[in-house]
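Given next are the chains, with one letter for each unit.
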Amino acid sequence: MSTATTAPASGAAARTTAGERPPLKVPVSLSVLALVALVFFGLLGPGKTAEMKVSDPGDAIVLPSIAIPGQVGGIVMGVLLLAAAAYSVYLWTQGRRSPRWLPIVFAVVFVFSLLVWIVAGARQPSISLAGLIAGSVTLAVPLVFGSLSGVLCERVGVVNIAIEGQLLGGAFTAALVATVTRNAYIGLIAAAAAGATVSMVLAVFSIKYLVNQIIVGVVLNVLVSGLTGFLFGTIMVPNKALFNTPGRLDIIPIPLLADLPIIGPILFRQSVAGYLMYIAVAVVWFGLFKTKWGLRVRAVGEHPQAADTLGVNVNATRFWNVTLGGAIAGIGGAIFTLVTIDSFTQEISGGRGFIALAALIFGRWNPIGAFLASLLFGFAYNLQSILGIIGTPVPSQFMAMLPYLVTVFAVAGLVGRSRPPAASGIPYVKG
Amino acid sequence: MSTEDKIPHAEADDPAPAAAEGPVTQESAEDVQAADVALDTAGGAHAPSAVPVSSQSGDTGHREATVWQQIVHGNALVSVLAVLVALVLGGILIASTDSNVAKTGSYFFARPSDFLSALWNAMTRSYVALFQGSIFNPRQGFLPFLETMTVATPLICAALGVALAFRAGLFNIGAQGQVIISATLAAYAGFTWHLPFGLHILVVLVMGVLGGAAWGAIVGILKARTGAHEVIVTIMLNYVALFLLDYLLNTPAFRRPGEASPISPRLDETAAYPGIFPDSRLHLGFLVAVALCYGVWWLLNRSTVGFEFRAVGANPAAARTAGVNVPRATIVVMALAGALAGFGGVAQVAGTEKVLTGGVAAQIGFDSITVALLGRSTPWGTFFAGLLFGAFRAGAVQMQIQTGTPIDIVLVVQSLIVLFIAAPPLIRSIFGLNPGKKKKIKAPRRAAVATTTGGAK
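Protein sequences appear in the order of chains A and B.
Using my numbering, the first residue of the first sequence is number 1, and each one after it goes up by one.
Using my numbering, the first residue of the second sequence is number 1001, and each one after it goes up by one.
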């Protein structure tokens, strides 16, 4: 499975070093998207003016809102996008690859153009930009934790399909323990323990019993879904007050900084779990790429034989990293029941674990990349719910489809042959 | 690697394991042996070599395939024990939340017999209900088993698609989306066009299967042309299919006239699979599923294309070197997998439900992954695993009605079964099976490795 993806990847790399032209994928996909943006969002765009409110009236610092005329704004941004696509095509004719920042800048402008088009076409052409972004971050928090868990596991050579199960297990345990102990923080710790437990099963089966890791992951998702569903039905439903009223984690605003427009609510008005997310991304990134531990982890994930020869205990490293990953995903699961809403319902994670998996691959197995990709998905989720409120001409189902279609397009067109850690998915047998 | 492993064709010298195995693994052992010999003799052109293929080509050290094959070709005894352990664990879970057990447990030391009988009652009551709802009960005879077969039909079809993709090294999580798309198209043909009996069901079938195949082929094409990871693409396409169906059910073309909720008109009688037994929902689709099992078995084990698929699955680099067009194989496999899931969608909408709703695919696509894993990605293994899961699904409804045990317990038992079957050493250590048994099991496994490494020649 993983060999299927790695082998062609190395082949593609070899081709470009041999002096041939870089693949045409990026220029072509950028051009197509730019044309779509220019024609649909610009030339055929709505005539109304989109209002983007930057701050709420009650904020300490009130900034004026941004007004962008739908059609003109769409044409301007469409031309900008076309220019970026043309630059990419030009680079291709010169036999050079497009720089990494180009698709990112392109994506930001494209999404903004889409936003203007949607808002200007809505019944009520006004949207709170601050609320949109803050809401996106809130929805992205579980995804970030989930994809960090995936990064830790895959970097050490274990494919973690069980993120969904870890999130769900964390959510259930957080609700149960927080209700019983009457303390949301104990619930948060219990969620980490639950995620770690799910991960340990994954680790034992894939490392000790050499079971295919994808199989264990898929099965664990089903197992956790069944277990939590069963216990929800037999324990929580009959006794909601006793077992399923966890309360919420307090929001801890940091004085002054929390009042900054836009970035205030995102960075400085969060619950403990929200702050933990930023810390976790930074720590995992620093740990993986700047410390001895990270070097060992990556060595085990890329070439376990070499790591073993140099005295690293491959399977122990794998076991503890997978466990740590599970704990992180468990905290992500707690967000559902301790921050978003204050009770557990069946299947509360609703497939977010799989989106986290996509975010991790989208982010190329890098904590920061996974973080950014998760934010993108969070934005898409939030856009869906906001658009439902302001009312758009496009059927809501298509708006709901959009993030998934964009992901397919991005994975196929921009990311392409993503290269997982070489030993990911392959059990290590010493000798 | 012990020297004993290198004895050529150990499974031929030692018929014991084959005799001990059930029909599921026997088939796989045979096909492995046949393929092994075919490889060794270039399809009979040369005399069989004294040295096994694996020794000639050398061990490629492709450990993933080794482990994979170990899962694919296991031991029937382990399977039975795994089911047993999973049922016992599920029973303990049921008992642990039972109010009677808790009550009697509080005075356990005064009268342990009360506690034990309550425990036994709690464990067996649910399973008896499950059995009566899925296989046999005195009131209805074997009618529940027909319902099991009905529920199993789409599961088997979709799981065949997942299994086929597995064998080619592709992880197809997209059965759900493929089932949805095929059910949508099949239903549309079923209630919009009014054709004569016979022709109509054929048109419905073709529409559904083509729809599933197209949805699967998208994944194959993206994977082959751009290298997009099939796991991501299939997950995303599942959501796209779900929302697409939701949208379509809200359009005049699909919604039942005069109905507020998103539900389609009933399919024409001519568009539905004919029933097989009176008083049951069992339909012709089940026989189609059986035929598909045979077809996939033939494809994988008797055809050149199937051999190429397995070669790609075992070692894509080696397959490419041996002249297999890997991108084409990827596309064809995904299209076939989608087509098989498409048969499942048709069986569901034109056989069981006869109406299109947003939840037409239920959990079929996701269950089919577990079914394929339990069936070890062999066609007949998938067939029996599908029947087992169909029995769980059919019986769980009765169980919930009669005993109040949530349906989710079935998920727990199902996943435990797959987990235990995937890890035979765990089951062996639970039951303290003698280590002499291990040697016997190794024989077919060794042969399996010979097949896969043979592709590297």
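There could be a bad hint or two in this list.
Stated by the list, open to error - Just so you have them, the derived chain B footprint on chain A, three or more residues with Cβ under 8 Å:
1. 204-215
2. 219-225
3. 356-366
4. 394-405
By construction, these hints were calculated from the structure, which means they are not laboratory data.
Backbone N, C-alpha and C define an ideal beta-carbon position, used for all residues, glycine too.
Evaluated hints:
Counting residues of the region 204-215 of chain A whose CB falls under 8 Å from any CB of chain B gives 7; the rule of at least 3 is met. Check result for the region 219-225 of chain A against chain B: holds, 5 residues qualifying (beta carbon to beta carbon below 8 Å, three or more required). Against chain B, the region 356-366 of chain A contributes 4 residues with a C-beta closer than 8 Å to a partner C-beta. That satisfies the three-residue criterion, and the hint holds. Counting residues of the region 394-405 of chain A whose CB falls under 8 Å from any CB of chain B gives 7; the rule of at least 3 is met.
Checked against the numbered hints above, the structure violates none of them.
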